[in-house]
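Q: The whole structure should be built from the sequences, with the hints applied where relevant.
So you can see what is in the structure, the chains are spelled out below.
Protein chains: 2
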Amino acid sequence: MSTAVAGKGLEGVVAANSGICWIDGEAGILSYRGIDIHELAEHSCFEETTYLLWNGMLPNELALREFTAQLALSRSLDQRVIDLVRSFPTAATPMEVLRTAVSALSFYDADEKDNSHDANVRKSYNLTAQIAMIVAIYDRLRKGKEIVAPDRSLSHAGNFLWMLTGEEPSETATRTLDIALILHADHELNASTFAARVIAATLSDIHSAITGAIGALKGPLHGGANEGVMRLLLTIDKEGADPVEYVRNMLAARQKISGFGHRVYKTEDPRATHLRKMSEQLGNDSGNPKWYNMSRSIELFINKEKKLNANVDFYSASTYATLGIDIDLYTPIFAVSRIAGWAAHVIEQLDDNRLIRPRAEYIGPPYPTHWVPVEERL
Amino acid sequence: MSTAVAGKGLEGVVAANSGICWIDGEAGILSYRGIDIHELAEHSCFEETTYLLWNGMLPNELALREFTAQLALSRSLDQRVIDLVRSFPTAATPMEVLRTAVSALSFYDADEKDNSHDANVRKSYNLTAQIAMIVAIYDRLRKGKEIVAPDRSLSHAGNFLWMLTGEEPSETATRTLDIALILHADHELNASTFAARVIAATLSDIHSAITGAIGALKGPLHGGANEGVMRLLLTIDKEGADPVEYVRNMLAARQKISGFGHRVYKTEDPRATHLRKMSEQLGNDSGNPKWYNMSRSIELFINKEKKLNANVDFYSASTYATLGIDIDLYTPIFAVSRIAGWAAHVIEQLDDNRLIRPRAEYIGPPYPTHWVPVEERL
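Chains E and F are the protein sequences, given in the same order.
Under our numbering, the residues of the first sequence are numbered 1 to 378, in order.
Under our numbering, the residues of the second sequence are numbered 379 to 756, in order.
No lab work stands behind these hints: they were computed from the structure.
Predicted model, so just to flag it, every value in this text is computed and none were measured.
One or more hints might be untrue.
Label-pair restraints from in silico Cβ distances [unchecked claim]:
no., chain 1, residue 1, chain 2, residue 2, range
1, E, Asp352, F, Lys491, 18 to 26 Å
2, E, Glu305, F, Val750, 36 to 44 Å
3, E, Lys304, F, Ser494, 30 to 38 Å
4, F, Arg518, E, His43, 52 to 60 Å
5, E, Gly287, F, Arg464, 50 to 58 Å
6, F, Ser548, E, Lys256, 51 to 59 Å
7, F, Leu440, E, Gln79, 48 to 56 Å
Using N, Cα and C, we set each Cβ at its ideal position, and we do this for glycine too.
A: Pasting the structure below:
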């Protein structure tokens, strides 16, 4: 059999055809279905962007109204799933809870045994609405607060903030989160999306694929990085250290700084541009520019010292912090958005499926090594 | 950036170096750490094989005794996990239940936040013992039976049968299952193992990786195939049809026959050789050779007609049926074994990690397609 040896971590290997997302890592371009992320961040909303990812084109007025209504209607969780989340220990991380609860959602999804295109679209509406609900509900439960019922008149971003805080969210907070959700909604074959496609390609169900994707997103080399950035900012603040000096010492000790560099982008991550702007504006508006200022000094230093650019995770940390969101919800919020892309990729995979099954280069003991009775072993 | 376009489904692409499993698909050779699967099936047991997969060599007497004792000691489930499984609807498929319960295990694993090599070995003992327990416990619960406490004096295979049936298993049944577990324990970068490595490579935790792997195994193009084989045999039996005629009609209608062909093997799957033998022997010994005979006629027909060989799934169906195991436990039993390989691969991945992040070939709308206001859309 002929085999081709790929770069480690499949770097630069084309693993699938996809019509969802196009990235030019040299030029710093990210686009969904051909539309530049800068245009979407400026003009679109999460609902419209999700429609675009799922359907390949922007919706007309009627389609957008129907899509938005359907997504709002899907804000419903079986009481047994709520009871399940309530039974989880309050020390569990929100990503473990989300992974487990999403896996359990399949028990109560009427389409569980139907893996058709249409059934997976229906399940995608449910999953998109339910992931946001689970994140909000668990955060309230672990804090001993009452669960807040969904408000179907609000946008996806607005309803999430409402269910999280129990307060009507400001326009600024809603629009900030909405833009963050647009920016995080898809990113081609990132690790969690690739995991989802590998799982879906066995013709397993979409709940399996999304559960696996959540597990992948949890990792600090992927979605978990935004939490790493904020933990660094908090440590620097607590120690009253100079941010640049602190990071300089980390580099000297060969420690990794979360939020910089990207496998695909060789220039600035176009998502960082928007998150930087939002972080600065929120900081100024709220009278608390501390996290933005600290982030900006670190960024300029790392740019100069290591020739590395901030990625999507770097300014999402200070943005979410200024919105008053707990650190360990940053990665779950990534999932609240990325479900749009995961669902699009799972459905695209199944529309033209082939099992994803690569080979390994064997580097173990020679064949044949023989089995010997236990008493003859050293 | 230079990219290499891989075959669809990453066919023939080397995605990792691995010292665990070597397969020669042309010659029909499968080996774990250099030792031929035929020698292991004949002489080894699941515990010894798992030690081999995890440690790269066969254990000496002391090491084997300690390993076996440690695995038996790990037969312990937090009462809250048992309560969780009890709360699941009895209509849930065992694979959904296993995926959800394994995800929840991380809540109660003392090493949850420790992703070191040693902690992952400890978690692997737990996961190996716990997956078998969860499968047995849920099967009893959904049938309204009492849970059977683990027996730490029994082997992994023996204890599973004990917890499943509540009866002391026969030597034949135990040895049959033990061999089946050896045969299924690893298979290089199969889809579920590859999913586990993609997830682990983000530096997420091993529970995330194994949860994702279970989701992938569930698919009918992977572990789910053995259930497909048995459903076919049952349908033929129920309709009183001639197996060869029935399958001939399926081929004419371009239907896929589960249990034949393999991405890697171009000759007989060496695991099928053993499962065929066990299926025949069990059939004769039990006085019920029906499933074996039916399977054998189908196999000979498909060999001749389609030049396709039986794979691991084909004779595991009739083997498990003759052991009296429910159909929808066949894939969970695959997981009871494959956890050995999954754990070995996750630990190997983390010992020399790089994020697994391929690229896609873009086939969507041209860039730039511009955003236009909703009222201007058709």
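Q: Hint by hint, say whether it matches the structure.
A: Going down the list of hints, with the structure as the test:
no.	hint	result
1	E:Asp352 - F:Lys491: 18 to 26 Å	40 Å, violated
2	E:Glu305 - F:Val750: 36 to 44 Å	43 Å, holds
3	E:Lys304 - F:Ser494: 30 to 38 Å	34 Å, holds
4	F:Arg518 - E:His43: 52 to 60 Å	57 Å, holds
5	E:Gly287 - F:Arg464: 50 to 58 Å	52 Å, holds
6	F:Ser548 - E:Lys256: 51 to 59 Å	55 Å, holds
7	F:Leu440 - E:Gln79: 48 to 56 Å	53 Å, holds
The structure fails hint 1 only (numbered hints given earlier).
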